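Okay, here's what each chain looks like letter by letter:
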Amino acid sequence: MSLSPASGIGRFYAKSAKIIRFVRLGCTNRPFYHIVVMERRKNQHQPVIEQVGSYDPLPNDHNERLVALNTERIRFWLGKGAHLSTPAAELLGIAGLLPIHPRTYMTAWRNRRTAAESEAKAETTA
Amino acid sequence: MLRASCQLLTQTALPAGKSGGSGFALEFVRWRRKPRWLPVAKSKMFRVPERKKQSEEERTELMRLHNQYKTQLRSVRQFLREEVVRHEETSTADHIVLTPEQEEAEFLKCVDINATWNAKIAKERDQRLAKEREDKVAYVQERLEARQLREEERREQANLRVLREIESSKTFITRENLDAAIETALANPVDHNFAIDLAGNLYRGRNSSQVPDSTPSSNQHALSN
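In the order they appear, the protein sequences are chains A and B. If you count the first sequence from 1, position 61 lands on 61 in the UniProt record's numbering, and the numbers rise without skipping. If you count the second sequence from 1, position 99 lands on 99 in the UniProt record's numbering, and the numbers rise without skipping.
There may be inaccurate statements among the hints.
Said to hold, decoys possible - Sample of chain A residues at the chain B side, in silico, Cβ under 10 Å:
{"no.": "1", "residue": "L84"}
{"no.": "2", "residue": "I94"}
{"no.": "3", "residue": "I100"}
Unchecked claim - Below, a sample of chain B positions facing chain A; criterion: calculated Cβ distance under 8 Å:
{"no.": "4", "residue": "V76"}
{"no.": "5", "residue": "I196"}
{"no.": "6", "residue": "D197"}
These are calculated hints, taken from the structure and not from any lab test. Bear in mind that the values here come from a model prediction, so they are computed numbers and not experimental data. All residues carry an ideal CB built from backbone N, CA and C; glycine is no exception.
Could you build the full structure based on these sequences and the hints that come with them?
Below, the structure written as structure tokens:
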């Protein structure tokens with residue numbers, strides 16, 4: 001799998017469906033994502049139209065998960081009618097560019113519930 | 001890949017367990033499933049997979065949130081679409097339409113700028129060329145002087161050598177004084193042979209029994225021949 005340049009060498013039809021989504025790079029047990037614009041029907045490891053950001057999902061030493069976004073180009077492509085994959089929409093929602101995605105809320109309340117449950121279980125056993 | 005791995009697994013590595021402990025270094029984890037053409041196992045034939053339970057309130061809440069999100073995203077998209085259109089209209093990146101007069105004026109302006117640039121560069125170039133010429137002249141002059149010096153030195157060396165030769169030619173044997181030289185040589189034979197003993201005494205001559213040059217020793221006669 002070769003790395004295509006961020007400026008993009010992917011060929012595309014003018015009226016085909018584009019999508020902003022992640023491309024999983026990195027390796028086994030070490031995910032790393034490029035946020036790219038490409039034709040929706042294409043495989044994620046095909047050449048991209050344009051790279052608009054990167055996302056490192058594993059927290060670093062300072063407990064940060066690093067995201068880089070080219071918001072200007074994301075706005076451009078969204079204005080051009082590009083679709084959004086769900087993880088990309090969640091990330092952009094958290095970044096503040098778009099409204100918060102419902103899945104973010106859902107994950108949050110499920111996490112809260114499991115935390116409360118485990119806490120209750122710990123209290124009953126102790 | 002799937003089929004090959006499955007066949008390999010059925011032949012060799014299937015009894016070895018899920019992924020570890022196979023006879024050799026084959027480990028299939030991701031593609032461990034049976035071939036497409038095998039039927040559903042008898043034990044699984046009537047198994048009904050359990051549906052994930054979703055509470056009613058969560059479902060309604062998610063529905064509400066999704067409706068809200070979609071509405072908001074639609075308006076954001078509308079805004080961005082308008083922004084792109086606006087940007088395309090206002091930007092002069094690739095669609096400037098000019099009248100012929102404007103084009104002419106633009107062209108003249110470009111020519112002017114080009115002429116000033118050319119004049120400036122020509123001035124710089126002339127300066128540079130003049131300097132290069134000067135440097136070259138100086139270099140050639142220097143080389144010429146050096147060559148002259150070298151020649152003089154060489155001539156002096158040659159003169160010295162000629163004088164030396166003339167000086168030594170006075171003792172040369174020529175056709176005229178050949179007989180005299182032969183007679184002199186025959187009259188004065190020179191024997192360059194010598195022997196030397198362990199003490200360092202020198203015995204000159206091939207057949208002579210002369211006393212050695214340095215201090216005499218007891219075995220001089222024995223070694224003299």
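Now the hints, each set against the structure:
no. : hint : verdict
1   : L84  : 8 Å, holds
2   : I94  : 13 Å, violated
3   : I100 : 8 Å, holds
4   : V76  : 6 Å, holds
5   : I196 : 87 Å, violated
6   : D197 : 91 Å, violated
In this structure, the earlier hints numbered 2, 5, 6 are contradicted, and the remaining ones agree with it.
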